[in-house]
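K.L.:
What follows is the residue order along each chain.
Protein chains: 2
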Amino acid sequence: MLSSPLLTNNPSLYVFLPIYYAVWCDAVLTPSEIKTIQQLVDKQEWLSEEEKTFLLSQLNPATPPAPDELKSWLEEIQKVADQASADKKHGLVDIGLQLAALHEAKKEINKEAQQSLREIESVLGVISSESAFIFNAAQRKTITDQQETKASFDVNTMAALLDGDQADILNKVKTILSDPAFEYIDTDNLKERREKVLEWCHLLAQQGFGAMAFPKEYGGGGSMANYFSIMEALSYHDLSLVIKFGVQFGLWGMSVYFLGTEKHHKKYIKDIGTLELPGCFAMTETGHGSNVKGILTTATYDHEDQTFVIHTPCEEARKEYIGNAALHGQAATVFAKLIINGIDYGVSAFVVPLRNKQGILHPGVTIKDCGRKMGLNGVDNGVIYFDNVRVPKDEMLDRFAGVDEDGKFTSPIASDNRRFFTMLGTLVGGRIGIPRSGNSASKSGLTIAIKYGDQRRQFGPEHAPEVPILNYRTHQRRLMPLLANVYALHFSLKYLTDRFINRSEEDMQEIEALAAGMKSFATWNTTHTLQECREACGGKGYLTENRIDDLKNDSDIYTTFEGDNTVLMQLVAKSRLTEFKQEFSNIDFFGILNYVGSQAKTSIKEMNPLTIRNTDEDHLLDPEFQLSAFRYRERDILTSAARRLKKHLDSGMDSFDAFNQTQYHLVNVGHAYIERIILEQFIAQVERTQDKACKAVLKKLCDLFALSQIEKNKGWYLEHDYMAGAKTKAIRKLINKLCWEIRQEAVPLVDAFKIPESCLSAPIIK
Amino acid sequence: MLSSPLLTNNPSLYVFLPIYYAVWCDAVLTPSEIKTIQQLVDKQEWLSEEEKTFLLSQLNPATPPAPDELKSWLEEIQKVADQASADKKHGLVDIGLQLAALHEAKKEINKEAQQSLREIESVLGVISSESAFIFNAAQRKTITDQQETKASFDVNTMAALLDGDQADILNKVKTILSDPAFEYIDTDNLKERREKVLEWCHLLAQQGFGAMAFPKEYGGGGSMANYFSIMEALSYHDLSLVIKFGVQFGLWGMSVYFLGTEKHHKKYIKDIGTLELPGCFAMTETGHGSNVKGILTTATYDHEDQTFVIHTPCEEARKEYIGNAALHGQAATVFAKLIINGIDYGVSAFVVPLRNKQGILHPGVTIKDCGRKMGLNGVDNGVIYFDNVRVPKDEMLDRFAGVDEDGKFTSPIASDNRRFFTMLGTLVGGRIGIPRSGNSASKSGLTIAIKYGDQRRQFGPEHAPEVPILNYRTHQRRLMPLLANVYALHFSLKYLTDRFINRSEEDMQEIEALAAGMKSFATWNTTHTLQECREACGGKGYLTENRIDDLKNDSDIYTTFEGDNTVLMQLVAKSRLTEFKQEFSNIDFFGILNYVGSQAKTSIKEMNPLTIRNTDEDHLLDPEFQLSAFRYRERDILTSAARRLKKHLDSGMDSFDAFNQTQYHLVNVGHAYIERIILEQFIAQVERTQDKACKAVLKKLCDLFALSQIEKNKGWYLEHDYMAGAKTKAIRKLINKLCWEIRQEAVPLVDAFKIPESCLSAPIIK
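Chains as they are written, first to last, in this note's numbering: chain A, 1 to 766; chain B, 1 to 766.
Treat the hints as calculated values from the structure; they're not laboratory data.
Be a bit skeptical, because a hint or two may be false.
For identical chains, the list gives no copy identity; a pair is met inside one copy or between any two copies.
[Stated by the list, open to error] The calculated BS3-like cross-link candidates involving lysine-lysine, where the alpha carbons are at most 25 angstroms apart (straight line), are:
| # | residue 1 | residue 2 |
| --- | --- | --- |
| 1 | 71 | 52 |
| 2 | 196 | 174 |
| 3 | 574 | 266 |
| 4 | 712 | 737 |
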């Protein structure tokens, strides 16, 4: 085209060059579009017939320009592209006009002709307007490209704020984890991994970490708070280690401590704390996991020799998935139905020997290895069968129930049911340790994904460097709300821990619901977070060396063990229904539900139509608005679940069916309750933060948490006319804005977790 | 209590027994509630002072009844419980009155007294009304318990319908997979797994499966359709096998076939099809995955000896994650920038030797093993470095570009960009094979989880057998919509395959978008489905032996390879924007966007307020309503994304920024488009199904798919006033109902997949 004498004669024809370049470059231009363009060229009245014929020939799909010719067009166009860009003339026609001027076109292209040319440009459409940018030889400066990491706060101050009064123990654990002895081992071999994890547990026990929660009189550290912090910090390392550690010192140790009495403490606690006596927590059976009350293992009292006969009556009664059982456990707390004189007194716990120090199984005990699992392959889970194994009477953990000298059952708690739940209640600590461990895993995953996103460049404007993927809106949308979640969970798990440590008898019911709900919310969040992190790191995230593989697979079972999350959320709901009942029982015993129902309706009436539509940023970022929205939802879901239940029961439905009919709503009751608690705690944390810079960024994270949850539930809010569509749209927009702002602080925000480098160990962020 | 002479004197006091039993059994009754009950007892005017004192003493938390005493209360109550239950008297007071009557109470408890007693009962509240059921000795018959598997259709008819004209090849593959040679191996060892997978590939090649898609003249089967069906059926077995198979015959073979010309076909295709020549597809680099156009490997033409010099100029240019590279690949299709005389002609493809038959690396080639991955550990992925490796000129795959005798670049496609996308377009088959493989993995996971849910019993009414967990509403809610999804995807992936096989040149753009979108939707669905299946199987789901571990981890990378899903969804959106432009370009070139914008607004005005609120089941199950809802959303999101883009561009924003600002909406454009396609295809399938019973159950699955998607997007529908809250609530209810109904057919519905038993191989469902 460029070599044609027509162009030399009439340089005005250069005006077509950018359009023609775009036509031949456009990867998606169809034959019919080309035809339309041909028709438009044909209509240009200012062209001679010869010029038209020439220009049309240059659009023939059967005779495309040679690749080299197309390259020469680009070079030609680039002569004016920078100037056009500087003049903010991005249109193909605008650039074409400048090109014609450069070649000293004499024939003026008048307004009408220009308009006619722009018609051609418009056929190239929305997408092709991008092609105007490809002419710029000078580097394009885009907003997207310019976004980068910069901290508005001091990372160490934030770290101190996160650690609080637990900084010492957290740092101590991190220091030990950074020791070369804790280097990850690169092996497929199950046996090697398990032995390594046992070795690590011994090293930790030597530091006194294992006995941290036990009383000082039994060689312990006397600090439950420190014990939980150890779990949190260890979880930056290998999660098999955390679970092996937790089985030994938490489940095995704490069950002896909380369910046993002084004689057991004296006999066992010290050796458990030093790992001299590795043991197990044998509760779950093949046939009964969630419904532990239904376990079938029996402990039959023999009056003759004052022993209990521990027995597995059938396959379903095998103790399954028992950590520490396949290889190392020498004894176990075994949960079994206590039978005296043929009467079933419900679930009790017994210390039962499994194998001796040489690893020889105790007579009557059979153990099968559970084999390979999705994760936690450093933990030796096993299946245990008991064939009439006898243990002395003193091995019954008899804090809540016992057998007296006459062989009679005694207990301060009359009902088997209530006794069972009281026993379980003392073991609630596991539901604190696990979500804290899960949240550490989320922190590790996010640290890797965010740092990678900050470094990894992919795509970018033409002729400009590629852009860090964390600058892309969808990437921010994936990761920033998850970063807000781990911060939110950090503070609320701290709150849960404090409540548990400073508990009174009367608090227990609330704390149990809180722990069950937090455990579910946090561990589901971990699973979801690590899945997103894996995908956000692409192929690199799939390589085991980059850690997300293990983090995801090891923590995957967190949603199941220590109580299946869905079941736990129903427990939370039942507890909330009870709370709810109590709240009103002192006012009026009748019509409680009707009262609340009507009250909720009143609130709707009272809802200000201006508030429903209020899209002001100040309003949306007001903690009072956010909390009201959470609380309103929580209360409404609770009353509506209660009303549904009552309706079913009133209609004569079996209560079991009524609960099943309402199950979906009950699970939501649990979610709404926990979400509200988490937001309350995050808001309180922002308020009490002294450091201004930290406070400001925490406020943003808190807003992102609050608004993301509202967005997640926006269907509900709209259904209930609590918000108008304009408001939920404004929230979406504000979330995008918060993600964009927090992205800049994302790297310092994960740095504040102070995860030991040796633990992250992901080559992609080195 | 029972032994007290007061009861003998006044048997009317028996009326208290059920309430008292409930008080002592209730695990969550608080001290303040007990106090309230004491006050109420104190108010009973029909009691003597002595009786009151006695009754109050029995409520003292400090002196609970002995466990054995409580058991005797229960025995006493049970004497009348069955009768009470038969009389539909479930209240504690009702039962108490019958008990008093049984003991021939003389003192009448009048209406007023009864009312006063009921006050006590009401303190026990909603939850405790359940305790009335625990007295029934006779087995409780609940709706929940009675639900069970029963097929309304013939499983074989459904299977035939699913397989269609591919039944023969599908069955052939399944038969071969059932051969003992394909037994899973239980090993951690990477090397063993990889060798086993290679061995399996050889067995499949011997059956002619590998060459299935190649032309008959090169020893192939000449059927692309069969090739995809082979991928689908193999995916019931080991996914490493599927990927190794796909790398060899799909990526390596097809790249030579589609990008090469006759000389390459003659030289390579036969040996690739027999696996005589194992090879790789070396496209992705460390620095460029999604943005392949940016790869840095160079192929520099040497005029002297007419060779290409393949070179890795930097770490970022290493070919990474290349399947078959670490151990077995002897050659590779290598994508590199073609450089002639210092000019870059964009990406081309070359056949490059990697190692000889003895496994000795070709000079200049270095290969590193990628090591352990999250999954697919039977595939030997590697990193390849080229140090000035020379290949003869004929090894350039020259269908779309070549170098002529004079060393000049030639191509029928002028623009490097367009040429690149044309090349990629020919490889779209991978985006069909992968989602079909993923959907098979989903089918396997659901088969395991649904069968387990049907067999596994946990919790149940007191004194009744436990209930299959699939009878629980939340469990149905988790799994039934996923079952609907795999059916929906099955039919739409079939549609995609047919479109691809019968494609014309003009279809390609649409098919590419369709494949990109279906690949994303289907593989995200696989990841999500397998995660739910894992959790739905609890601890059993975590054991590797039960398959979900491998299914989940092997398929996890499906969302990344063959194009990152998020990136692909943006491609779909861009393609949709182009389509959209074309649709209107023949009407009016100006104001297209304004036109569409106003049209959308008009539709809103035209929306019938009755329709918005219509909650009739007939309406909600009407395919016309469902499709309109999907289409309305698709069109609205598309126009609104276009409007946003235009607004940004009009304001002078750089197009790169404009796309980034709109990215979140663009991804939604892709989703909405694909969801509509899937629904269309499912509805069409239901309509053309002849067998009445199959048609009926498919209609239910289709409804569940449609309504679940609407529910997922209900926030959007409510925001846009397309539906009122009453309607979205009705949809939720209808989904619950559909889940409840489909649950009964769930086992036959997964049986219809006809997954070979040897492939499922999960002990939990045996």
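K.L.:
For every hint, state whether the structure bears it out.
P.N.:
Now the hints, each set against the structure:
When the C-alpha separation of residue 71 and residue 52 is checked against a cutoff of 25 angstroms, the pair qualifies only within one copy, where the shortest distance is 23 angstroms, while the shortest distance between copies is 104 angstroms. For the homomeric pair residue 196 and residue 174, the shortest alpha-carbon distance inside one copy (18 angstroms) is at most 25 angstroms, but the shortest distance between copies (42 angstroms) is not. Taking CA atoms no more than 25 angstroms apart as the test, residue 574 paired with residue 266 passes in neither setting, with 38 angstroms inside one copy and 72 angstroms between copies. With identical chains, the CA atoms of residue 712 and residue 737 are at most 25 angstroms apart both within one copy (17 angstroms) and between copies (24 angstroms).
The structure is inconsistent with hint 3 alone, although it conforms to all the rest.
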